[in-house]
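Novice: These are the residues of each chain, in order.
4 protein chains.
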Amino acid sequence: MHANKSLTEPTMIIVMDKSATKEMVDHVLNIVKEHDLKPEPMYGTTRTAIGVIGDKTKLDEGQVIRLPGVKEILLVSKPYKRVSREYQPENTLVKINDDIVFGGKKAVIIAGPCGVESEEQIRTIAKGVKKLGAQMLRGGAFKPRTSPYSFQGMGVDGLKLMKEVGDEVGLPIVSECISTEHLDAFDKYADMIQIGARNMQNFDLLTSVAKLGKPILLKRGMSATVDEFMFAAEYILNAGNKNLVLCERGIRTFEQSTRNILDLNSLALIKEISHLPIIADPSHAAGRYDLVTPLARAGLAAGADGIIVEVHHKPDEALSDGAQSLTLDSFEEFMKDAPQYHHHHS
Amino acid sequence: MHANKSLTEPTMIIVMDKSATKEMVDHVLNIVKEHDLKPEPMYGTTRTAIGVIGDKTKLDEGQVIRLPGVKEILLVSKPYKRVSREYQPENTLVKINDDIVFGGKKAVIIAGPCGVESEEQIRTIAKGVKKLGAQMLRGGAFKPRTSPYSFQGMGVDGLKLMKEVGDEVGLPIVSECISTEHLDAFDKYADMIQIGARNMQNFDLLTSVAKLGKPILLKRGMSATVDEFMFAAEYILNAGNKNLVLCERGIRTFEQSTRNILDLNSLALIKEISHLPIIADPSHAAGRYDLVTPLARAGLAAGADGIIVEVHHKPDEALSDGAQSLTLDSFEEFMKDAPQYHHHHS
Amino acid sequence: MHANKSLTEPTMIIVMDKSATKEMVDHVLNIVKEHDLKPEPMYGTTRTAIGVIGDKTKLDEGQVIRLPGVKEILLVSKPYKRVSREYQPENTLVKINDDIVFGGKKAVIIAGPCGVESEEQIRTIAKGVKKLGAQMLRGGAFKPRTSPYSFQGMGVDGLKLMKEVGDEVGLPIVSECISTEHLDAFDKYADMIQIGARNMQNFDLLTSVAKLGKPILLKRGMSATVDEFMFAAEYILNAGNKNLVLCERGIRTFEQSTRNILDLNSLALIKEISHLPIIADPSHAAGRYDLVTPLARAGLAAGADGIIVEVHHKPDEALSDGAQSLTLDSFEEFMKDAPQYHHHHS
Amino acid sequence: MHANKSLTEPTMIIVMDKSATKEMVDHVLNIVKEHDLKPEPMYGTTRTAIGVIGDKTKLDEGQVIRLPGVKEILLVSKPYKRVSREYQPENTLVKINDDIVFGGKKAVIIAGPCGVESEEQIRTIAKGVKKLGAQMLRGGAFKPRTSPYSFQGMGVDGLKLMKEVGDEVGLPIVSECISTEHLDAFDKYADMIQIGARNMQNFDLLTSVAKLGKPILLKRGMSATVDEFMFAAEYILNAGNKNLVLCERGIRTFEQSTRNILDLNSLALIKEISHLPIIADPSHAAGRYDLVTPLARAGLAAGADGIIVEVHHKPDEALSDGAQSLTLDSFEEFMKDAPQYHHHHS
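Protein chains in written order, with the working numbering: chain F, 13 to 358; chain B, 13 to 358; chain L, 13 to 358; chain Y, 13 to 358.
Incorrect hints may appear among the rest.
The list cannot tell twin chains apart, which means a pair is met if one copy fits it or any two copies do.
Stated by the list, open to error - Computed list of lysine-lysine pairs in BS3-like fashion (alpha-carbon distance at most 25 Å, straight line): (1) 223 - 172; (2) 45 - 326; (3) 50 - 83; (4) 172 - 143; (5) 34 - 83; (6) 117 - 254; (7) 34 - 326.
Treat the hints as calculated values from the structure; they're not laboratory data.
Based on the provided sequences and hints, a complete structural model is requested.
Specialist: Encoded structure:
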């Protein structure tokens, strides 16, 4: 199933400075050889560059850029490994239960409020979205908020409440963990654990959550590159957890007419370069409810394996993110023809 | 059809500095009144702000920010007018001929090479895309290139050639005009004139092309905000030309795994705030052929009124943009189910 | 010293939708009054906007945007408080000892390696930079790394080692804390605790570190806005710790010729709007050693209260960030005329 | 003075797809040889990459990326030539007259209003800034404006007026040309011709202005990369005009607390890689007058060869850009200690 690790390829090009001496070039050639790699020097009259051939995990860019006379490193292969399609060509399937499989032919729809606010609220919304075809329930119990003066969530009680309602209604739940302090509660109550955008590079949290072995939903940081996103995923796979679903939720750009820009270029690219399932979050990308449905459809058309969307029965009374929540009526409209827009990337 | 111009609304808030004196506040109040607008002062103990009510074209932000004691201007209404849905609620329809109407129920597909290279090339591609259902032919005769050492296009001969082949095959043509020097040729040979992303704020060119009265395809600058895009369109409407189709072609961001990011947030937003048709260009947004089809589908699902896509019969021999061109085979695959993904925004 | 909390000012403008009914407007007016604030409605024929006057902490943007008929909120005052110059006009001074005061007339220079690697390394560098005039020693014991395969630091041992060497040489130390697990060690060994760019919105960490009461160096996230940066600082002040120094370390943009862009616009702006000291980190902004000195000088000229810079005696053998470290020789050259470039913002 | 054109170096790496056949690889090797270049293949078991050694102008990236089996091109050398320090190691000096030399030891200070508004205005400002030490007079006669409803400048009359006043006061003038229609007027009246940020890639204009042979001030586009900026400069040098001064004026980023971000990373980098003089424009970068002086000082400290700054005797009455103009008093304060901050990059 996995690529043979002894396969070799050109991994990086070490570009020497024009002022580099022959001794400096020879030193680099030796270092490359010491790492069990084959150097392939290209000599010009003004500058030398050195190709490196072998196994890409054997030498880190950072170990070479510091050598005397080295100007720049060009990477031929990306240095991440386990997340890539070259490592595993076929789609990873993440199963929540027999009916819910991320990465399969059917898009998975996750719906629910931004935050759990009360038993009545979460039950009403859960029943509503279940009836309309949602397969999982979302809701935040711990809310990372820009301002210390904003609502910070119901905490463990909220998580427990959500699990009870989810079981009652028949919807597995996904909720965000923001601290290693709460690992036990998430292990007990969550069906899938979300790592939020702000914590995509909280490596301590990534590794700790991964070790629980539960399905994880990893959101892309709002200005994380595709490479950084892949590396964050690599931390999780590297900790032994393969039940990983990625989530594109909009990136920060100069354009601020809408809150973020849903980056479907990267979503489509990730379907090419990685075997992991990836879903789209049109609510956080849009920041305003009237753009959520067009962006959800666009995500499905671009090849997303599912959609996570904020739905509230009374968005004008929500304690957070009301501006971007669909009502149950507008969620119904979206669900009506959602499958028509979905393109499955096999 | 158009909104009554005497209608009034709060247009801007003039925020005074905490150090502003009573005289400064009164001076601003007078200036507002002199422009036939009603000021609505809000006095706090530490700061005053002044609301302005009336017709938004009567006072420019720039005329107020310079007044003594003024700290900041908050715009309540956007200062552009003719492009907005508030000015004209119903969709503008741009007709190329009886069958080709931008802004109507059917998405318009424009296909063709990046640049016209030879008679044989443009004829082969034109015939190919026509057969597969394209409605218009694209192709550059004048190419604005980052490097002075790259292929700059066939010029007027290329335009003429394209028109001949378009007529022969039955495809109206669209091509980019990069200089006022070529207005006559475009007037004579082009069915629709493209203003490219680099020239979106070349106001001289916008106005001159607009005055020809022909249908225009205006591409968004690669780092133009939605507001700047709307204003560029306003230049064209203001010059008396309403045959305007907008085009989202990807924006420049920190993410450089793909060339640009197709900004469907802004496309969906523009469908809300403007009556003008807007299409998507997945080729320039992607920069690589394998992402073109997913992004084209996503554009249609987000509500685009059409797609402009680069197609080449031999992309590996194209003189420009070969990397992002679809082959005729992959264009066929896209066309097969394109209508299924299209959502018409009425 | 502090502003009187009963002072009032216009805090936000609630822009109603054109379709909002009279009932919706009246409902908003009531909500504003219920929060002990004064609404100031501005009626146009097509749209109404409502000014809000009073104490800005009484009503959160998020509580209003969800009300029926509300289109948009424009903020007149920023919602953060304790960090602003309006709250405290005079510069905060953060004292490390009698000689080292951030925010005073003399710029504080912090130097040292990216990471602590060995006793010999940290001692050589510490002695070197002390001799050349550095006032504090920097060095990472815990390194958050993009790749799970990179060097992750020496941990608590590294921190302890750094403290020993710092005491020996006469340099207080600053080091980054990346997890609440290590609070005890930092409390014991660090003279100043750094919160890194990736953790600027790790609110759990911010609050926990703040409660130790020690001086904190808070780095701006690489794509955090000034407002988000101010709010992160507000979390720390709000937790009762006023010994806070900010650090601008470069932002992520479309431009990738250098690693990040040192944002001196924001640094100069923050000197205007906040009383907190702020220093510049040219090493991480540049990513390459030859640009560090020009950027350090520029930071001082723009009004930075200090510089934190990476220095290594043998950068070509460093285990991380060698490419951007100054040698002791180039650090000497910088130190020679650094004071000439410094502008103190009083 | 110039580098010998027969010198060779590794110029690009052609990375083949994993699926590329031996025939595809051989085809690429042949193409490289046909262009008089030496291919250096690096064979791995899963992928091949091909180094190209020789003269970098002989083969364009675009000609290779389209070849069958090619995945990606990595550039070892930048494809621009005449602008680079490798082509000409010593600083280019652009002389306006015997006293004013860009690129020499003394920073050149250019000051004046955003736009020429009246004879009295331009004369008052010109006299004022001359007295305070400015060496050249700036002022716009043609203003490219985002909105069609804003003040568009006095046109040729404004240019003529500025020249008369400049001669009278003893200040050579620089003004922006926005259209090839006005070449004659600029040839007659301008001492230095500015190409504005919006026109940095208006290649038609670049070449036409270059051919006049006069000194040119080329502003970086607000989201142009350093490479694109270098290529725009290459268009001018390539048209035979070496009297070129570059200008960094702020880039567009996610951060919008200030209008643009002055990119001193790129300014410092350009001093390394190019022999052309480069100045900084703190007014457009800041967008607000209180940040202009800190940014001007920072620009000088980073190695700028001069500063161009907006000064108005009555900024609150200016027809454009009043918010960012210094008064004569604040300009005086800046001029007092400006030389202290300047670092000359030799």
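Novice: Mind listing which of the numbered hints don't hold for this structure, in increasing order?
Specialist: No hint contradicted; all consistent.
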